[in-house]
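Protein chains: 2
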Amino acid sequence: MKKTLAMAGMTAVMALCAGAASANEELAGLMKDPKNWVAQAGDFANTRYSELSQITKDNVKDLKVAWTFSTGVLRGHEGGPLVLGDVMYVHTPFPNIVYALDLNDNGSIIWKYEPKQDPNVIPVMCCDTVNRGVAYGDGKIILHQADTTVVALDAKTGAVVWSVKNGDPSIGETGTSAPHVFGDKVIIGISGGEFGVRGSVTAYNLKDGSRAWRGYSMGPDADTLMDGEKTMSLGKPVGKDSGTATWEGEQWKIGGGTTWGWYSYDPELNLVYYGSGNPSTWNPSQRPGDNKWSMTIWARDLNTGMAKWVYQMTPHDEWDFDGINEMILTDQDVDGKPRKLLSHFDRNGFAYTLDRESGELLVAQKYDPAVNWSTGVDMDKNSPTYGRPAVVAQYSTHQNGEDVNTTGVCPAALGTKDQQPAAYSPKTKLFYVPTNHVCMDYEPFRVSYTAGQPYVGATLSMYPAPNSHGGMGNFIAWDGVTGKIVWSVPEQFSVWSGALATAGDVVFYGTLEGYLKAVDPSDGKELYKFKTPSGIIGNVTTYEHAGKQYIAILSGVGGWAGIGLAAGLTDPNAGLGAVGGYAALSKYTALGGQLTVFSLP
Amino acid sequence: MKKTLAMAGMTAVMALCAGAASANEELAGLMKDPKNWVAQAGDFANTRYSELSQITKDNVKDLKVAWTFSTGVLRGHEGGPLVLGDVMYVHTPFPNIVYALDLNDNGSIIWKYEPKQDPNVIPVMCCDTVNRGVAYGDGKIILHQADTTVVALDAKTGAVVWSVKNGDPSIGETGTSAPHVFGDKVIIGISGGEFGVRGSVTAYNLKDGSRAWRGYSMGPDADTLMDGEKTMSLGKPVGKDSGTATWEGEQWKIGGGTTWGWYSYDPELNLVYYGSGNPSTWNPSQRPGDNKWSMTIWARDLNTGMAKWVYQMTPHDEWDFDGINEMILTDQDVDGKPRKLLSHFDRNGFAYTLDRESGELLVAQKYDPAVNWSTGVDMDKNSPTYGRPAVVAQYSTHQNGEDVNTTGVCPAALGTKDQQPAAYSPKTKLFYVPTNHVCMDYEPFRVSYTAGQPYVGATLSMYPAPNSHGGMGNFIAWDGVTGKIVWSVPEQFSVWSGALATAGDVVFYGTLEGYLKAVDPSDGKELYKFKTPSGIIGNVTTYEHAGKQYIAILSGVGGWAGIGLAAGLTDPNAGLGAVGGYAALSKYTALGGQLTVFSLP
Ligand SMILES: O=C(O)c1cc(C(=O)O)c2c(n1)C(=O)C(=O)c1cc(C(=O)O)[nH]c1-2
Ligand SMILES: O=C(O)c1cc(C(=O)O)c2c(n1)C(=O)C(=O)c1cc(C(=O)O)[nH]c1-2
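Line order of the protein sequences matches chains A and B. Numbering-wise, the UniProt record's numbering puts 491 at position 491 of the first sequence, and it's gapless, one number per residue. Numbering-wise, the UniProt record's numbering puts 527 at position 527 of the second sequence, and it's gapless, one number per residue.
Pulled out of the complex, with its shape left as it was, chain A reads as follows (with noise of 0.2 Å):
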């Protein structure tokens, strides 16, 4: 064991020297030790599975915290650190520090790097300062700060190698995604869609900043990164400036369609894969049409950016079903034949299944029983709606009308599930999927644009689906080849935090109000609980060291889930909606920023 990991350890120490050229192989190399935690998904796939299995379904009721850390930041704490050999890396949210923590030495302070930001940029970041984690690649860590600068970390240092500014948060453009490093790129999304933001996607070059390619969510071909001929859309090519045509005007111009989710890659496929945004503004009465690219589900190739193919979830959005949520890759047979998947938890409540390579629609399930606003997807390849949902006409915000409060939506706006990852494990070939069981009301009304200025145009209550278990969340295990729930475990707010698991049989999250879960893979039965400082919205992941299994959550209440808590705010419909509907939190938790590390003792 001792040998294995001196091995490990210098295999991160050569690496961390290999220098850009190998810059691909170097991540793909680390990644595939289990011991290390080198991505903020654990993997390009986005799967959140670790080989792990030191702790087990058995053995983890015993698990106890091994160590702590308070980031010296209060608000909500997305992502999760990283691990690379005997470095630990921890971001916070706003003003985003860094740390690189010893763990040869109970977590003590390698190095610190705290960046300076206009503090102005909070009041343009829509639902919390928070912030999902750096990357690494190439020897550097790579932070996306949220005034939008992107900046890379000598790993060893913490010395600055290169910065770049991503966007201008005098405009409402802000950062709160995590970089993902992909081949010689980093990939860097972009927040803003309730100021009028166009969503965009930039490559940067990982060995020293300079733009490779951007991608906008909308506009012409030559913004879009299209081909009207070849880009492909359910089988068909989508057309000549197709990230025009479907908006009014120059409406796409303010279109929203951001970027701020995880993103994937497959390396044989060359592909990176994410989901764009809702259309903006939330009144949908105020830009009629598709509002093509917004919703969508992107195909880009990572050498050029190009479309490969799309494929838009929510054609004009009407809920603010934002369509940012990870892409997760597996292999799995489909009608006895292996394919490349790819599946997806929408904020919409239905989850999809595709054929990574051509965008073909293979599944789009409810994933929550409650979802009520669309009746299903149409399968039908030769339908003139095929791959569109079909919306209840009650629950349409647009044919309802401006002023006119829809009633009884469900999901709510922040969706069926919003950023916090779910997992996939080879093992069960399931996968665990955290999520919110939220339904709403919600009154568009007429608003104009301007600059950094919030550009919403709805108001918004939400409250636990009625007719339920009477509480805001469920962990499910979903089959995304069937497109059925196999068990689900109430919760009382949402699972605002990321999954993970795990070759040891254990799937692991947390909750609003602070608690980190083991459950059972096969069942959902809750092996082990522990109250961690504040509530978790951060994202489980685990790593070896010195010859034991840790399993790491930064906690600290907030995001979207947790505004009311993380900016002090309590009219029930502020904070876009969300601050009645989890008012009840602050009876079990208060703002932090903690890591908490647990082991077998």
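Hints may contain errors.
[Claimed, not checked] Over the 10 Å line for every Cβ pair with chain A, so calculated as not near, a few chain B residues:
hint, residue
1, Lys32
2, Ser53
3, Lys64
4, Ser108
5, Gly139
6, Val160
7, Asp208
8, Ala212
9, Asp333
10, Glu360
11, Gln394
12, Arg446
13, Glu513
14, Thr570
15, Ala574
16, Ala590
[As the list claims (entries may be wrong)] Okay, derived cross-link-like pairs now, DSBU-like style, lysine-lysine, Cα gap no bigger than 35 Å in a straight line:
hint, chain 1, residue 1, chain 2, residue 2
17, B, Lys230, B, Lys156
18, B, Lys240, A, Lys112
19, B, Lys548, A, Lys525
The set of hints was computed from the structure by calculation and includes no laboratory data. By construction, the Cβ of each residue, glycine as well, lies at the ideal position given by its N, Cα and C atoms.
Got chain A sorted already, so can you dock chain B with the ligands onto it with the hints?
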């Protein structure tokens, strides 16, 4: 076990309803049940000793974290939680939130009280925004806010019962000390020695917050509540207006001698014990004379406030050896005769044992061999300098004069011990003392008084005691009767946390790096340690609930030692000279505010 517990719960509830008539007995009764921790020190005598013995020196190695709670506030967390039956009361630094937590429901929040305070008080707090905790009495939780407001909250609901203003932050008066409930009174001290505040102690009636008496540290007898004939010092009457006689002109009006420490109470003698702080300014040349009664141990009658006896430890202070450290009341044999003792570990490096009835000085010995400013205290009752420390000329900042840097003074201004309270075990008859092992350079300069402005008049730098173990602290065991160190454990940093001794033969303390440590009372051997989220300057407490003994500690680095981290200061001379000395702390911990609760598995 279950049954006794239920009964303990009932006792607590009954007590809560008992009313003020028997406030005295109520609190004394609650204290007798070691399941509770109902005053900051656990008892009136300030022993910080618990009869609980489930956690023993043999099984303490198996301790694990049972649950945690983030306070939602950063910076220095001093003091500790109270436990009363099924409820725990947790306080925070500014803004001084109080939480009532339900021990039957995983620490969920029963109520939260957050006072509205003008943040302008922060710049007039000398040594971080600390608060040393709440008190309980007569169904009320008493909070002493930073802005000097004293508020009584209904222990069951958090509703304000009464509120009174003790001082005025606009002239530098602030509140950091814990209220102490003795009999039917609430004893409140005041801070502001670095702002020329004239210290005083005020007794409020627990029932309604009306003022019972106020005794100043200096001034005419009517202010100091002294009787020239009856108030004694080392066996002699103090004489008329002793509180002005040893001052030049009206300097006593801005004379310091603040009272921000821990208070003790002997119910039989009905005497309240405490220490007064340094004379103001820190430049001794500006205040010739003994500066009575700064730097003094006081014994006051609880009912009237009249001073029964006083003993000035450091006449005419030249080093900021603020005398406020706690008085620990023990009954021990001296020369074979049982005596009512008072022991005190002063900032000046001497540990004193006195007869607490008469004020007779029995022992005065250095409790750190590094102490060099004095060769010793004159113990000859017939000497004209009886009871006075002999000052080594080399280290006299007055003799060296203004604008001269006196170097190598040990201890530093923060003393061999600061606010961090010691514990006493009646089983071992030893004191367990968290200490500093720090020396300083001290350069006084002329300063003029402006109300509400710093009135310090000295530039300091601090460093580990030279030619020693290299660290800045020790944790020691002390025999108060013989005046000898029994054992001493070196620590890298000052031990700024309060100790706890238990009948299970374990002594606990916390470290500035964030470790909770358990040691063997007989030899200091480390039995257990755990890295809590942030540096510890809180005081370890213990309680029993549902048949289990728990150990609780607040983390949250700060206080004077941690002011660099807490206030973000980096100039080595900043923070009254503490920043440079403790700069290395930033390698180990970051700001926080968490409660960690431990138990056996
Ligand atoms: O449209 C956007 O640009 C944007 C940005 C963000 C963000 O960056 O955090 C969120 C959202 N939208 C959003 O719709 C949403 O539900 C949301 C939740 C959270 C969160 O961290 O809890 N962020 C965001
Ligand atoms: O003179 C005063 O009024 C006064 C107040 C305080 C305080 O209230 O915290 C401290 C001190 N002095 C002081 O000298 C000192 O060493 C000190 C340390 C601390 C702390 O909490 O760490 N407070 C204070």
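Item to check | In rising order, the numbers of the hints this structure does not comply with | outcome: Going through the list in order, the structure violates hints 3, 4, 13, 16, 17 and 18 and respects the others.
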